[in-house]
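What follows is the residue order along each chain.
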Amino acid sequence: MYEACPECDLLLKPATPEHGEKAHCSRCGYLLQRPRKHSIERTLALSLAGLILIVPANLLPMVGIKIFGNSRDGTLWSGVSALLKEDMWAVALLVLFSSVLLPLVNLVLAFLISLHLYLQKANVHLIRWMRWLQHLNEWAMLEVYALGIIVACVKLAGMAELRFGFGLYAFIALLIVNAMLSNELDSYLFWRRIAQLSKKS
Amino acid sequence: MKPLNTAQKQGFIRCHDCGNLIKSTTEALCPVCGHSVTARKPHSVKQTIALIISALCLYIPANIFPIMSVTQLGVAKTHTIVGGIAALIHSDMVPIALLVLVASILVPLMKLLGLSLLLLCVHYQWQTNARLFTRLYRVIAFVGRWSMLDIFIISILVALVDLGGVAQVIAGSAATAFAAVVVLTMFAAKSFDPRLIWDHQLSYE
Ligand SMILES: [Zn+2]
Numbered sequence: 001m002y003e004a005c006p007e008c009d010l011l012l013k014p015a016t017p018e019h020g021e022k023a024h025c026s027r028c029g030y031l032l033q034r035p036r037k038h039s040i041e042r043t044l045a046l047s048l049a050g051l052i053l054i055v056p057a058n059l060l061p062m063v064g065i066k067i068f069g070n071s072r073d074g075t076l077w078s079g080v081s082a083l084l085k086e087d088m089w090a091v092a093l094l095v096l097f098s099s100v101l102l103p104l105v106n107l108v109l110a111f112l113i114s115l116h117l118y119l120q121k122a123n124v125h126l127i128r129w130m131r132w133l134q135h136l137n138e139w140a141m142l143e144v145y146a147l148g149i150i151v152a153c154v155k156l157a158g159m160a161e162l163r164f165g166f167g168l169y170a171f172i173a174l175l176i177v178n179a180m181l182s183n184e185l186d187s188y189l190f191w192r193r194i195a196q197l198s199k200k201s
Numbered sequence: 202m203k204p205l206n207t208a209q210k211q212g213f214i215r216c217h218d219c220g221n222l223i224k225s226t227t228e229a230l231c232p233v234c235g236h237s238v239t240a241r242k243p244h245s246v247k248q249t250i251a252l253i254i255s256a257l258c259l260y261i262p263a264n265i266f267p268i269m270s271v272t273q274l275g276v277a278k279t280h281t282i283v284g285g286i287a288a289l290i291h292s293d294m295v296p297i298a299l300l301v302l303v304a305s306i307l308v309p310l311m312k313l314l315g316l317s318l319l320l321l322c323v324h325y326q327w328q329t330n331a332r333l334f335t336r337l338y339r340v341i342a343f344v345g346r347w348s349m350l351d352i353f354i355i356s357i358l359v360a361l362v363d364l365g366g367v368a369q370v371i372a373g374s375a376a377t378a379f380a381a382v383v384v385l386t387m388f389a390a391k392s393f394d395p396r397l398i399w400d401h402q403l404s405y406e
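If you're matching them up, the sequences are chains A and B in order.
The numbering of the first sequence is my numbering, which starts it at 1 and goes up by one.
The numbering of the second sequence is my numbering, which starts it at 202 and goes up by one.
Where hints are given, some of them may not hold.
[Stated by the list, open to error] Under the rule of at most 27 angstroms between Cα atoms (straight-line distance), these lysine-lysine pairs were calculated in the DSSO-like manner:
1. B:Lys278 to A:Lys199
2. A:Lys66 to B:Lys278
3. B:Lys278 to A:Lys13
4. B:Lys224 to A:Lys200
Worth flagging that the hints you see were computed from the coordinates, not collected in a lab.
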């Protein structure tokens with residue numbers, strides 16, 4: 001059995017790297033495999049943690065400011081609603097999708113897929129979910145948003161008093177969980193397991 | 202040692218989604234994931250060109266029109282992307298200015314120029330260091346999302362600074378154009394198939 005490199009199409013004998021090792025394409029250097037210990041269990045745990053954290057990160061105020069005695073709190077949603085109020089619906093939608101909806105969808109998909117793989121339960125949607133997860137991954141931009149918060153705070157620090165709410169801490173925790181999740185999810189292993197499961201059923 | 206060979210030349214196709222290797226002639230759909238089977242991304246070059254041109258067209262209004270207007274104590278000031286960076290430098294926030302410069306100007310430009318270079322390489326079948334070009338493609342695909350930085354900053358400022366005439370930030374029309382540039386260039390990077398760079402390299406046969 002052979003496999004092919006997705007970025008240069010080189011025909012390769014599948015490498016069998018150990019946990020923690022990496023297998024690169026010998027021609028273009030593409031990272032082919034990066035097996036992780038207990039990838040399925042850890043993905044399950046981390047996606048569950050992310051699903052819990054995303055609730056306070058979305059609902060609680062993250063940053064509040066005080067200018068001339070007037071104070072205002074901002075959540076993840078308030079940027080979207082403020083843009084909508086100014087009739088910037090295209091930008092509002094993009095912000096909504098990349099900072100709220102798609103991070104949530106990705107966590108739900110990662111949770112559902114790893115749960116089914118963990119329980120060895122076949123599901124007709126498993127393949128579709130995995131495909132969606134792969135394509136939607138780059139549109140969830142929590143880490144870019146985090147940098148945006150930092151820049152906005154630095155800009156505002158000169159003219160207003162800043163206050164950091166619990167939502168911000170939940171958001172930072174969510175960011176860390178998300179980074180660990182994408183590090184632990186071994187898509188090579190996931191696809192192989194999904195193929196095995198759908199063959200059996 | 203056996204000569205290096207591509208899957209396509211050996212009559213195999215790698216499924217775009219699940220990575221399963223399929224004999225080219227037998228199936229129209231991948232037996233594992235059901236995705237339609239094509240050796241390369243279909244219409245990759247044409248799609249990428251179309252998306253780059255649309256992004257270039259929108260890049261002009263994104264830089265000409267104001268991206269936000271800031272009101273402080275009754276005085277309203279509008280900023281373009283470049284003007285916003287200049288204002289940041291004036292108020293001694295050089296690191297932040299550099300960050301916004303990279304995310305809002307250098308990254309979109311690098312993506313548009315880089316993808317054009319990749320397309321030229323494919324079209325004129327340049328015999329070059331394909332490994333280097335593939336690395337360029339990876340950088341383009343990776344940095345794309347960071348251009349959203351300015352959009353996020355605006356959305357946060359618009360939400361927080363909203364006190365009528367005293368202090369207010371309003372998003373400008375360039376924000377929509379710039380957001381479209383980011384989305385279009387991300388799609389352009391996604392529709393380009395890096396295997397096209399390798400297909401015509403003779404030195405790797
Ligand atoms: Zn390769």
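Point to revise | Violations among the numbered hints | key: Those not satisfied are hints 1 and 3.
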